[in-house]
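Novice: Sequence:
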Amino acid sequence: MYLKKPLWSEKFQEGKGESTESDGDTVASTAVGELVNSLNQQRVYREVTLALRTGLRDACAEFSFLRVRGLNSILKFLRNVAESDATIDLFNQTQSIPELQVVPVLFQHSLKETGDDYNDDRVANLNHVFGVEPMKITSPSTDAEVALALRVLEGCCLLHPQSTSFAHQYKAIPVLMNILSTRGVLEQGACLDALISIMVDSPPNQMDFEKCNGIMEVADLIRDKQADENLRLKCGEFLLLLIGHVNGRDKAPLASIHEDVRHLLGEKSASLIWAASQFGSTLDPEQRLTALQIQARRVLESLNLY
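In the UniProt record's numbering, the protein residues as written are 1 to 306.
Be careful, since some hints might not be right.
[Stated by the list, open to error] 25 Å max Cα-Cα, derived DSS-like pairs, lysine-lysine:
| no. | residue 1 | residue 2 |
| --- | --- | --- |
| 1 | Lys112 | Lys225 |
| 2 | Lys76 | Lys112 |
| 3 | Lys171 | Lys225 |
| 4 | Lys112 | Lys171 |
| 5 | Lys171 | Lys211 |
Simulated from the structure, these hints should not be mistaken for laboratory data. Predicted model only: the values in this text are computed from it and were never measured.
Turn these sequences into a full structure, and let the hints steer you where they fit.
Specialist: Structure below.
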């Protein structure tokens, strides 16, 4: 999606800056300006909805390579949307339209769990044998597809807070915790980022995380010295962000997170995480990211000493 200004809009702005107008001309120019702004907003809204419809059409496809193409398109679209508050508002408006909602599509297709129930259903349904309708075969999600879907989920929740409620309706926390415990490093890293995004200011998702013993799962990963080091660092960043977000809250959910971390990682590491989670309130985003990575490394080093 390319949100470029139309040529006629630029010409209008140039002419507006160069001319000296009487009162009547000023009124007419104001009316023209309002019309131009309205047309421009409608054009951008059409671009937003077209980009969403195109990406979602592929994201619902039966074959993984098509779904990957759709997810890539939506992810690129979200990055463009994030560049301006106006386009973020337009995207938020589209998410009130059921056929344009992104999060349900993610859980119905790319993040759909295909276990024994799915296979049993296919065996029990013999309509394709006795009828003329061919059986639809849906290819399973690849590692790359799952990782992309998690990145899209993260972006949706950060740009559109209501998406966290959509995610909760599809039991997002149990689904993501299953990915965290069964998938590879690529998906696990994306999963930790997505978990943070869907739990921010979402008590229902935080409660689900607590019920799933999420802290224990993350602690097991960060303590595993055989695990990928980058993944362990990502776990450290996750704990820092999560504890930083819930600091000062005495009520559920996640009221006992400090005690849980102390029990699972030890007093030294827990104290370091608590102190380090206070960083970055006055830093710009780039400095905050650097500080987060440095503190995560220190958490890892404290575990090795513990």
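Novice: Compare the structure with each hint and give your call.
Specialist: The hints, checked one at a time:
no., hint, verdict
1, Lys112 to Lys225, "31 Å, violated"
2, Lys76 to Lys112, "22 Å, holds"
3, Lys171 to Lys225, "31 Å, violated"
4, Lys112 to Lys171, "11 Å, holds"
5, Lys171 to Lys211, "12 Å, holds"
Going down the numbered hints, you'll see the structure goes against 1, 3, while the others check out.
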